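*Asks:* Chain B is fixed; fit chain V onto it per the hints.
Chains B and V, in that order, are what the protein sequence lines are.
Heads up, the first sequence is in my numbering, so the first residue is 1 and it goes up one at a time.
Heads up, the second sequence is in my numbering, so the first residue is 1 and it goes up one at a time.
Derived by calculation from the structure, the hints in this document are not laboratory data.
Here the structure is a predicted model, which means the values were calculated and not measured.
Okay, derived cross-link-like pairs now, DSSO-like style, lysine-lysine, Cα gap no bigger than 30 angstroms in a straight line:
1) B:K40 - V:K19
2) B:K116 - B:K40
3) B:K40 - V:K12
Which chain B residues stay away from chain V? Per the calculated CB distances, all over 10 angstroms, these:
4) P8
5) L11
6) A19
7) T20
8) S26
9) Q27
10) S28
11) A60
12) D61
13) S64
14) S68
15) G69
16) I70
17) T84
18) A96
All C-beta atoms, glycine included, are put in the ideal place defined by N, C-alpha and C.
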Amino acid sequence: EIVLTQSPVTLSLSPGERATLSCRASQSIDIRYLAWYQQKPGQAPRLLIYGAFMRASGIADRFSGRASGIPDRFVAGESGTDFTLTIDRLEPEDFALYHCQYYDGSHLCTFGQGTKLDI
Amino acid sequence: QVQLVQSGAELKKPGASVKLSCTASGYTFTNYYIHWVRQAPGHGLEWMGMINPTGVSIVYAQNFQGRVALTVDTSTDTAYMEVTSLRTEDTAIYYCARVRRFIPPWFDPWGQGTLVTVSS
Numbered sequence: 001e002i003v004l005t006q007s008p009v010t011l012s013l014s015p016g017e018r019a020t021l022s023c024r025a026s027q028s029i030d031i032r033y034l035a036w037y038q039q040k041p042g043q044a045p046r047l048l049i050y051g052a053f054m055r056a057s058g059i060a061d062r063f064s065g066r067a068s069g070i071p072d073r074f075v076a077g078e079s080g081t082d083f084t085l086t087i088d089r090l091e092p093e094d095f096a097l098y099h100c101q102y103y104d105g106s107h108l109c110t111f112g113q114g115t116k117l118d119i
Numbered sequence: 001q002v003q004l005v006q007s008g009a010e011l012k013k014p015g016a017s018v019k020l021s022c023t024a025s026g027y028t029f030t031n032y033y034i035h036w037v038r039q040a041p042g043h044g045l046e047w048m049g050m051i052n053p054t055g056v057s058i059v060y061a062q063n064f065q066g067r068v069a070l071t072v073d074t075s076t077d078t079a080y081m082e083v084t085s086l087r088t089e090d091t092a093i094y095y096c097a098r099v100r101r102f103i104p105p106w107f108d109p110w111g112q113g114t115l116v117t118v119s120s
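Just chain B, same shape as in the assembly:
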């Protein structure tokens, strides 16, 4: 079973600052299957990043995803355990709950416990 651990649980920052959110997998995973979602209170999750570093349609370029030690391009078999979501120049609307997710495209899907980004 793959477990995703997000840190920190809560991150308190101010508008204009940079946020760095971490997601660590319990074992090495194919980076193509790692995604990030944003969830605001009372709303459904919204896709931000898929394939570890690809921004979803309509997502500001202030949001970026990385897999530690791996360049931002797909190479067959690239895998890792440490993933980061970075949000530059925080806007008031960025303060929300962020989830990382591993989904292998068939029968295995798991989420991290979430990181709350607080003002």
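*Replies:* For chain V alone, kept in the frame of chain B given last:
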């Protein structure tokens, strides 16, 4: 635009069953999977299972096998999830999501969610 619209809130007693719906619009229903995810109060997201609307495959998360049934009606572009033997700990918001079939996969968009409250 692409959207998933879910059925309204439900209040059920322990031991009862509930059947939730998720109606898709704005895209070809059979070209994407539908997944179900729930979120209990104050908790993270928990994956429940997925269905290929062509009917070729259904996968249930281990925690829900035997208690959850996923179906689709392609004539109305609607997916359904029935949960049986409800317990108080099943109180949660239940989401459906459209999921890309190819690599890399993604969940987008999500339905607005259905609150299911299980209480005696």
